[in-house]
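Asks: Single-letter residue listing:
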Amino acid sequence: MSTEDLVTAIREARTPLAAALVERMTDAERRAELPRLKQLRRELRDSDHSRGGAVTALLVVGAVCHTAPSGAADWIGGRDFEVRAWDQRPLLALLNARPAAWQRDVALRLARALSARPADPIGWDSATPYQIAEHLLRRSDTPPPAEPGLVLEWMRDRGNPEPRRWRDQLPPGPDLYARLRADGFTPVLAPLVFDADTVQQLSGPWAAKDSEQRWPAVLARLAAEGVIDRPALLGRGFARLVRGGGQGELRTHLGVVRALEPSSAELADNRRALLALLDGDSVLAGYALESLAALDAAGLLGEEELAEAAGVVWARPEKKLVRAQLGWLDRVAAGGREGEALRAVAGCFGHPDRQLQGQALKVVKRHVRVVEGELLTELRVAALLLDPVHAALAAELLGVEVELAGEVVVADRLPEPPRPVPMPAPLATPAEVAEELAAALAAPEESVAFELLLDGLVRQVWTDRDALAAALAPVLRPDSEWQVLGRLAGVATGAIPTPRVLNALQSRRGRIFGHWEFRGPVGEFLAARLHETAWRLTADPVPFLLATPSWCHGALDARELVDRLARYEELGVQPGPVDFAQALLRTVGDGSEGAEALTSPAGRQLAAWLRGGGLPRRSSTPVPPGTWKLGVRCPGSRRSAEQPELSAHERERLAIPALDIPGATDANTPSEALLALLGPAEPFFRRSAVEDSAPSARWTAQLPHHREESALRITGQLAESAATTPVRGTPQLLPLLAEAGGPCGFAVHQALAYGLGAGHAEDRSATVDALLSFAAQRQLDPAALARETLELLALGAVKPNRLAATLAELADPAPGLTWSILAVLVPGLLDGPPPRGAADLVAVAVDAARRSGARGPIDAVTRTAARKGSTKLLTEARNLAALLGD
Amino acid sequence: MLSGSEASVPPMTTAVHALRYLQPSVLSPSRLDLATSGGATPHGAAEHPRFFTGALRHPDAAAAALLAVADVAATRYHRPTGAASLDPVVTADGDRLRFESFSGCGGVHARLDVLPEGLDGAATGHGTTNVDVNAPLREALRLRTPGERLRLAVGADELAVGVGAEELVERRVPLPQRWLKGFAETQVLTARFDRRAALPAAEAVRFLRTLPAGVSGSGRSTVRWVLPAGPGLRPTSRPGPGAICLPGPERLSALRPLLRHATGLHVYAPPGTPTEPTASAWELTFPGGRLTLTLSPDSSRGFSGEGGLLDLLARPAGTAEDVDALAALLAWDPRIEPADLAEDSGLTPDRVRSALAHLATGGQIGYDLAEAAHFHRQLPYDSGRVADRNPRLRSARALLAADAVGPVTGDLRVVAVGDHVHHVRVGADGTALGCTCRWWARHRGGRGPCSHVLAVRMTNGTDGAIDVDGAVRK
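Here the protein sequences come in this chain order: A and B.
According to my numbering, the first sequence is numbered sequentially starting from 1.
According to my numbering, the second sequence is numbered sequentially starting from 1.
One should not assume that every hint holds.
Taking CB as the label site, the calculated pair distances span [stated by the list, open to error]:
id: 1; chain 1: A; residue 1: Ala307; chain 2: B; residue 2: Ala373; range: 35 to 43 angstroms
id: 2; chain 1: A; residue 1: Arg778; chain 2: B; residue 2: Gly446; range: 35 to 43 angstroms
id: 3; chain 1: A; residue 1: Asn96; chain 2: B; residue 2: Pro136; range: 32 to 40 angstroms
id: 4; chain 1: B; residue 1: Val421; chain 2: A; residue 2: Asn801; range: 54 to 62 angstroms
id: 5; chain 1: A; residue 1: Arg181; chain 2: B; residue 2: Pro136; range: 44 to 52 angstroms
id: 6; chain 1: B; residue 1: Gly121; chain 2: A; residue 2: Glu261; range: 45 to 53 angstroms
id: 7; chain 1: A; residue 1: Ala298; chain 2: B; residue 2: Ser28; range: 52 to 60 angstroms
id: 8; chain 1: A; residue 1: Ala783; chain 2: B; residue 2: Pro200; range: 30 to 38 angstroms
id: 9; chain 1: B; residue 1: Leu211; chain 2: A; residue 2: Asn801; range: 46 to 54 angstroms
id: 10; chain 1: A; residue 1: Ala265; chain 2: B; residue 2: Ser28; range: 22 to 30 angstroms
id: 11; chain 1: A; residue 1: Arg84; chain 2: B; residue 2: Pro136; range: 34 to 42 angstroms
Residues on chain A that point at chain B, a partial pick, calculated with CB under 7 angstroms [what the hints assert, rightly or not]:
id: 12; residue: Ala276
id: 13; residue: Ala434
id: 14; residue: Ala808
id: 15; residue: Asp812
Since the hints were made in silico from the structure, they are not lab data.
No residue lacks a Cβ here, since even glycine has one placed at the ideal position from N, Cα and C.
Taking the hints into account, I'd like the entire structure generated from these sequences.
Replies: Next comes the structure, spelled out in structure tokens:
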């Protein structure tokens, strides 16, 4: 027989011949075949036309030619041997003919390799190494090693309903129980299911017809029959739960433990684990609490353990768990162990929720007759932590006038009023522009760098376009054009040609900046500004832009604008109408800035603008839901705001001569984009404008002296952030409104009212920041805010539970401010049928009123307090009424 | 996201580190035996040093805290796939024991200090080593019955154990390079921190309970901001005056099991008004000790990549003698006093500072925020100067080797290799200020210089002294 024959036989998939050839070889001869076999393996792996039979034969023949077990295990564990039919009779015979020591060693190595395999969430790893490992373990009478990988693959294999030729004694089909019952591996491997990454398997197998055929039930049945060591399985299960991990993972494992239905004695063996679980995932803690209570009922729990359990549960935020613990202690007390129970109940006096404190007191009340001596002292000490609303009951029960904590009236801690932050100096060199641009392209959008870069690009194009293009070369990539600033930089360097820019100015369809973020009047104005800047960059350079702010929040010093315009006059440069309009919107003045010295038409216009006090301050008014008239529209479930239109005279003040751009509309009137920005409010609330745009700091920087107007322009999006499915982000602009200038009217308060109802925690925190800042500036009218909130509550546009969360957060630093809002909100709420969650608001009101020292009865509260019943709302109303006095 | 440079560490640098223990660490009901591996002591290397035998005065808190350190080592807070478990490093410096670990993702540093008032027994020894923390031990610590006395032994008596060399517990793990770099980087970062808030126990518990518990699987990294307000902290929506960054709040969940022992919470953060997420340190105090968790600025960022030491590493080690002289003087002092060292070594304070900084790059110096002082340790890893193998430093050296750094033209130096061109902006005195590459664009020097800036700085030679915290001073 020559060497060629074996390799050829394998390549041609003549398996019996190949097996016969190998069978006759000595170990040395087999080793001599290895190089050729390895080469064949490479050949088959790289070939698209290899025959499945050839790979199968090669797997087994190659394995038995490796006389060293390490080599054989590596060979079998290779990824390219994903074959199903390795268990053909001649091939099996080859494996079976190897000495037992070899078989054992290869099998153990394969098992270790299975543990070292990377996690395989989809379950696509080859099952062949496991099958061969199992076969060899059985042939060599080796018990399966405790390898996690082996356990996992064993579960995968046994879950498979298909028949196995190599293990014909395992019955196929969906009946997992029958298979495990007949399986010698079950007693060894089944107790280890908790120690491997087996969550997916445990919720299977996929072929199971009902839950009785799934792993948890089958394991329980086998444990009950004594096939599996039940105490060991349970012990591992509890250890696994205590170890922690993902929620889904833990709950699956809990399912297995539950299926085992541990007896009291078994729970007692695992009491330390149960106590440890009380501190974990809430579902697990619930199970542990239930089990410990059962243990206690069976008289198997010590006094210290009862106290320990209660101590852990009191620290949990879940009311359900605390109530369950109180119920348990109540039963303990009723069973005659009053001292033990009440000592534990005392720990609940310090719970942050005063309703739960009340329930704890009730437990004490039921068993108060036994309270005396040391226990009484302990309870009195604990009672110091009680909420003051329980003072009367505590005094009655514990017979002592305890001075309760929390009676201290505190002043509001308001932040310093915001101080404007100056803008960084203009970007002076191409290198600085390049660096800033690279950072802006890598970072989320914001306003300061945006303004700096707009100006920086304009300045550098004016100085030396080629130097700029050279500096930007490493920064601009083909994909930079997807971003606004990248596109603008492309215009500056000439990558986007002039005709393209011209086309953008001539027709709406050719716009360069037309994607979704430029929807709505605010976005359209921004786009108009960018288009004009693009034209300046490509065809009509200027030394700098007029509208670049002096302060980070967008305001522009009038004197600075006068200086800029003077420089334009000196150079004979014509201001861009959008740039100049934006500059005017960012400026206020009183006429003392020296603008009278300017001689150009733009200069005279600026002087008139400053004399006239800039953009008029327009006060906004509410738009009730369902309004539908020209220019004003509001859907049924929302409230919005409107403002008076600009007069013809005011519009005239903003009429700026257009630049000479071929083919573009040439008119001596304010541009359409500007009129839309300042125009009727209805377009701000249009669905397309609200849903497609994400307001940013660039929006509030457009009208930095008019926060009332800025608020009006984002209220539509704020309403979305308070909706049932809240949209994240817009309330983050509320602190920016607080930093902006101008009086606060209806629109600001409406915006804040929506912010109070924001659905995301970080958005609520932003609202609190804004409220504190407005209050520090004495710009907040709490009553107006409360009235608008009531209107929104009535519509369902904000939800009481979210309001309560925001106001509770506000009450921490500023109880007085919070009470001044709630003093109007709560009566309004109690006058009608109170919505779900109103009780939470009244609870916050109680805290705020107490900490701010509020006094004086409120009719609606007194009336509600007098109603019969014991709901949380009525209890809290009574607390509030008692606090306010009569 | 892994940065490109970190991801491209060639596999050949993953050296193997062998941990050899006489026996596994075990917890019997009243006795915790922590096995030690090879480590450094003032008397030279020891196979299985013994650092402490005695009792814990506050066993419940200490056991929970030790478990927390082990849990941090076994957790990946970013992309939680598979757990990386490593044995904590223990440092004994005469009167206290410090247990340190990093999370699997490298973004959380945990240090438990068991203080003199928490230890009941003879003084501790001096030295640093690994202690074995195995799965059964963690399980036993979780299931421990509270209230019972607990004796502690760090390192066992070899004769008492009586095992032959063949029975050693040996574990071969990849050399934890990220730990090594992390030890050096956290020291640089935290030495600049100020104490920004001190919460009493009740407020600490209240605040920590509001934080999310689980590691989010989605990988959405969140950053929270808090403001000291009265006795507690209140959330705020953005950075501003007084705001403290809490990057990845779920990463503080390791403190939870300790809450019932807490006596207070101290928060440390960089001084000044932050404009972007920063690292911060959260120190929970309990009877007999404290546990400090230092969080990297983003869940996705490991301390090893923070690059705070790059400038220092890039300089030629001209101070080798100073470093040796100083290393000889340091003997696991719980507080390093640079003034005393200067006196003892005869070096000027500036040279002491610079030499200490070099020692820090090898992880030989740690920073204790509560004491506001550095302390000495000698990591039990055969590392050489692993930090030298920093990918950015390697790229910078490659750039220099390829002569890729051009001359100064205007305020630019062009760094070009093939078609890979970047412009490094330089100041009037030639110092590198910024770069056009993506690394710089993302972090703007906040995670140390990029390889291009580093290369330019290296061509400029060395000028200015270096602080112990790695900052170049002019």
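Asks: If a hint holds in the structure, say so; if it does not, say that too.
Replies: So, going through the hints one by one against the coordinates:
1. A:Ala307 - B:Ala373: 35 to 43 angstroms: The hinted range 35 to 43 angstroms holds for Ala307 of chain A and Ala373 of chain B, with Cβ atoms some 41 angstroms apart.
2. A:Arg778 - B:Gly446: 35 to 43 angstroms: For Arg778 of chain A and Gly446 of chain B the Cβ distance comes to about 38 angstroms; the hint holds.
3. A:Asn96 - B:Pro136: 32 to 40 angstroms: holds, 38 angstroms
4. B:Val421 - A:Asn801: 54 to 62 angstroms: holds, 57 angstroms
5. A:Arg181 - B:Pro136: 44 to 52 angstroms: violated, 31 angstroms
6. B:Gly121 - A:Glu261: 45 to 53 angstroms: holds, 47 angstroms
7. A:Ala298 - B:Ser28: 52 to 60 angstroms: With a Cβ separation near 29 angstroms, Ala298 of chain A and Ser28 of chain B fall outside 52 to 60 angstroms, so the hint is violated.
8. A:Ala783 - B:Pro200: 30 to 38 angstroms: holds, 36 angstroms
9. B:Leu211 - A:Asn801: 46 to 54 angstroms: violated, 20 angstroms
10. A:Ala265 - B:Ser28: 22 to 30 angstroms: Hint holds: Cβ distance 24 angstroms, inside 22 to 30 angstroms.
11. A:Arg84 - B:Pro136: 34 to 42 angstroms: Given a distance of about 39 angstroms, which is inside 34 to 42 angstroms, the answer is holds.
12. Ala276: Given a least distance of 5 angstroms, the restraint on Ala276 of chain A holds.
13. Ala434: Nearest chain B Cβ about 5 angstroms off; hint holds.
14. Ala808: violated, 11 angstroms
15. Asp812: This interface hint holds because 5 angstroms falls under the 7 angstroms limit.
Consistency note: the structure conflicts with the earlier hints numbered 5, 7, 9 and 14.
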